[in-house]
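Residue numbering for the sequence shown follows the working numbering, starting at 32 and increasing by one per position.
By construction, these hints were calculated from the structure, which means they are not laboratory data.
Just so it is clear, the structure is predicted and the values come from calculations on it, not from any experiment.
It is possible that part of the hints are untrue.
What the hints assert, rightly or not - Here are the simulated lysine to any residue pairs, SDA-like style, with alpha carbons at most 25 Å apart:
id : residue 1 : residue 2
1  : Lys196    : Ile118
2  : Lys196    : Leu119
3  : Lys196    : Leu173
4  : Lys196    : Ala207
5  : Lys196    : Arg130
6  : Lys196    : Arg211
7  : Lys196    : Pro136
8  : Lys196    : Leu257
9  : Lys196    : Pro131
10 : Lys196    : Phe218
11 : Lys196    : Leu185
12 : Lys196    : Gly208
13 : Lys196    : Gln128
14 : Lys196    : Val226
15 : Lys196    : Arg129
16 : Lys196    : Leu210
17 : Lys196    : Val126
18 : Lys196    : Val137
19 : Lys196    : Phe182
20 : Lys196    : Thr266
21 : Lys196    : Phe214
22 : Lys196    : Thr106
23 : Lys196    : Gly206
24 : Lys196    : Ile216
25 : Lys196    : Val177
26 : Lys196    : Ile138
27 : Lys196    : Arg133
28 : Lys196    : Pro209
29 : Lys196    : Pro149
30 : Lys196    : Leu220
31 : Lys196    : Phe178
32 : Lys196    : Ser134
To be verified - Just the calculated beta-carbon pair ranges, DEER-fashion:
id : residue 1 : residue 2 : range
33 : Pro219    : Val241    : 33 to 43 Å
34 : Pro154    : Phe286    : 26 to 36 Å
35 : Ser144    : Phe286    : 24 to 34 Å
36 : Gln74     : Ser144    : 27 to 37 Å
Just so you know, even glycine gets a beta-carbon here, dropped at the ideal spot from N, CA and C.
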Amino acid sequence: MNRTVRVALSVLVLAVFAVVFIVPFVFIALTAIKTPAESSLLQFSWPTEVALVQNFVEVLQTREYLLVIAFINSTVLTVVSVALMVILSAMTAFVWQRRPGRSGPVIQLIVLSGLIIPPAVVPTIWVLQALGLFRTMPGLILIEVVFGLSFSTLLFRAFIATIPKDLDEAAIVDGAGPLRLFFRIVFPLLRPVAVTVIVVQSVNVFNDFVNPLYFLPSHPTVQLTLYNFQSQYLTQNNLLFMNILLITIPPLIMFLVFNRQMVAGMTSGAIKG
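Let the hints inform the model, and build the full structure from the sequences given.
Right, dumping it as structure tokens:
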């Protein structure tokens, strides 16, 4: 492949990236700072009057600062869910990779089932009602953990395969038990892939719309606040897009900050399967 072809492909990739990601984000930002009359036209143009502060304040104050409450709910949901997800998936992956005996096929079947079988809303609601967790934050946290556990376990298992078993044997000789071996020796070495799991799953949980809608409608998360500015007869596009912009910024910052660590975590398990 000569240099001209490589340059052409690079330009093509950048153009596709701009069309798919940058252009929609710019459109959202421009609409978010327009007046109600201009935003209703949904045109890709610079506003004649910038209403950034006015729209920002109005979005925050809508329904007694519901967006602030939703940010708190989403933060609690994301932090607790991802923390449990990282610990449980790392422990499962460690047992699965280090002890490929009778439990190996069973763990593999469970993990792959979590990726293949689609989640069903009605049976899940029945289970949560039986446990007394329906319409509660712990119940929604449990749902998020279960739905993200399979993918996280596969990532951790691929990375654990690159860690020499000599470390396990040396720790056992020194008298380390299973929990001490995992948390003091193995878990600190999982930092690259743990960062990947944290970023990916945090964005998934923070941006989740379906699960909070069905399992915790009484405690709105950030995605559910989009209903504040659209109805059957009226849509306030300037406030709606300002709301979208505000709830898009945290995941975007997380991706930009941890981009390199994510790539390292995703590719580290490819050295040894």
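Structure-based check of all given hints:
Taken as a hint, the lysine 196 and isoleucine 118 pair is honoured in the structure, with Cα atoms around 20 Å apart against an allowance of 25 Å. Note on lysine 196 and leucine 119: the hinted pairing holds, with a Cα-Cα distance of about 21 Å set against a maximum of 25 Å. Simply put, lysine 196 and leucine 173 have alpha-carbon atoms about 32 Å apart, too far for the 25 Å limit, and the pair is violated. For the given pair, lysine 196 sits about 14 Å from alanine 207 by alpha-carbon distance, which is consistent with the 25 Å threshold.
Taking the CA atoms of lysine 196 and arginine 130, the gap is near 11 Å; set against the 25 Å cutoff, the hint holds. Between lysine 196 and arginine 211 the alpha-carbon distance is near 15 Å, which keeps this suggested pair within the 25 Å criterion. For the hint linking lysine 196 to proline 136, the alpha-carbon distance of about 21 Å falls within 25 Å, and the restraint holds. For the suggested pair lysine 196 and leucine 257, the alpha carbons sit about 50 Å apart, so the restraint of at most 25 Å is broken.
At roughly 13 Å between alpha-carbon atoms, lysine 196 and proline 131 fall within 25 Å of each other, so this suggested pair holds. For the hint pairing lysine 196 with phenylalanine 218, the CA-to-CA distance comes to about 14 Å; that is within 25 Å, so the pair holds. This hinted pair checks out: lysine 196 and leucine 185 have alpha carbons roughly 19 Å apart, not beyond 25 Å. A hinted pair counts as satisfied when its Cα atoms are at most 25 Å apart, and lysine 196 with glycine 208 qualifies at roughly 15 Å.
Note on lysine 196 and glutamine 128: the hinted pairing holds, with a Cα-Cα distance of about 10 Å set against a maximum of 25 Å. For the given pair, lysine 196 sits about 23 Å from valine 226 by alpha-carbon distance, which is consistent with the 25 Å threshold. Restraint check for lysine 196 and arginine 129: the C-alpha separation of about 8 Å stays at or below 25 Å, so the hint holds. Among the hinted pairs, lysine 196 with leucine 210 is consistent with the structure: their alpha-carbon atoms are about 16 Å apart, no more than 25 Å.
Distance check on the hinted pair: lysine 196 and valine 126 sit about 13 Å apart at the alpha-carbon level, within 25 Å; holds. This hinted pair checks out: lysine 196 and valine 137 have alpha carbons roughly 22 Å apart, not beyond 25 Å. For the proposed pair lysine 196 and phenylalanine 182, the alpha carbon gap of about 24 Å is at most 25 Å, so the pair holds. Proximity of lysine 196 to threonine 266 is assessed by CA-CA distance (about 59 Å); at most 25 Å being required, the pair is judged violated.
Taken as a hint, the lysine 196 and phenylalanine 214 pair is honoured in the structure, with Cα atoms around 15 Å apart against an allowance of 25 Å. Using a Cα cut-off of 25 Å, the hinted pair lysine 196 and threonine 106 is violated, with the two alpha carbons roughly 37 Å apart. Of the pairs offered as hints, the one joining lysine 196 and glycine 206 holds, with about 16 Å between alpha carbons and a cut-off of 25 Å not exceeded. Restraint check: the Cα-Cα separation between lysine 196 and isoleucine 216 comes to about 11 Å, which is no more than 25 Å; the hinted pair holds.
For the hint linking lysine 196 to valine 177, the alpha-carbon distance of about 29 Å lies beyond 25 Å, and the restraint is violated. At most 25 Å may separate the alpha-carbon atoms for a hinted pair to count; lysine 196 and isoleucine 138 meet this at roughly 20 Å. This hinted pair checks out: lysine 196 and arginine 133 have alpha carbons roughly 19 Å apart, not beyond 25 Å. Distance check on the hinted pair: lysine 196 and proline 209 sit about 14 Å apart at the alpha-carbon level, within 25 Å; holds.
A hinted pair counts as satisfied when its Cα atoms are at most 25 Å apart, and lysine 196 with proline 149 does not qualify at roughly 36 Å. Proximity of lysine 196 to leucine 220 is assessed by CA-CA distance (about 13 Å); at most 25 Å being required, the pair is judged to hold. Taking the CA atoms of lysine 196 and phenylalanine 178, the gap is near 30 Å; set against the 25 Å cutoff, the hint is violated. As the CA atoms of lysine 196 and serine 134 are separated by approximately 19 Å, the hinted pair is consistent with the 25 Å bound.
In this structure, proline 219 and valine 241 meet the distance hint of 33 to 43 Å, their C-beta atoms being roughly 35 Å apart. A C-beta distance of roughly 34 Å is found between proline 154 and phenylalanine 286, which places it inside the suggested range of 26 to 36 Å. Between serine 144 and phenylalanine 286 the C-beta distance comes to about 29 Å, which sits within the given range of 24 to 34 Å. A C-beta distance of roughly 48 Å is found between glutamine 74 and serine 144, which places it outside the suggested range of 27 to 37 Å.
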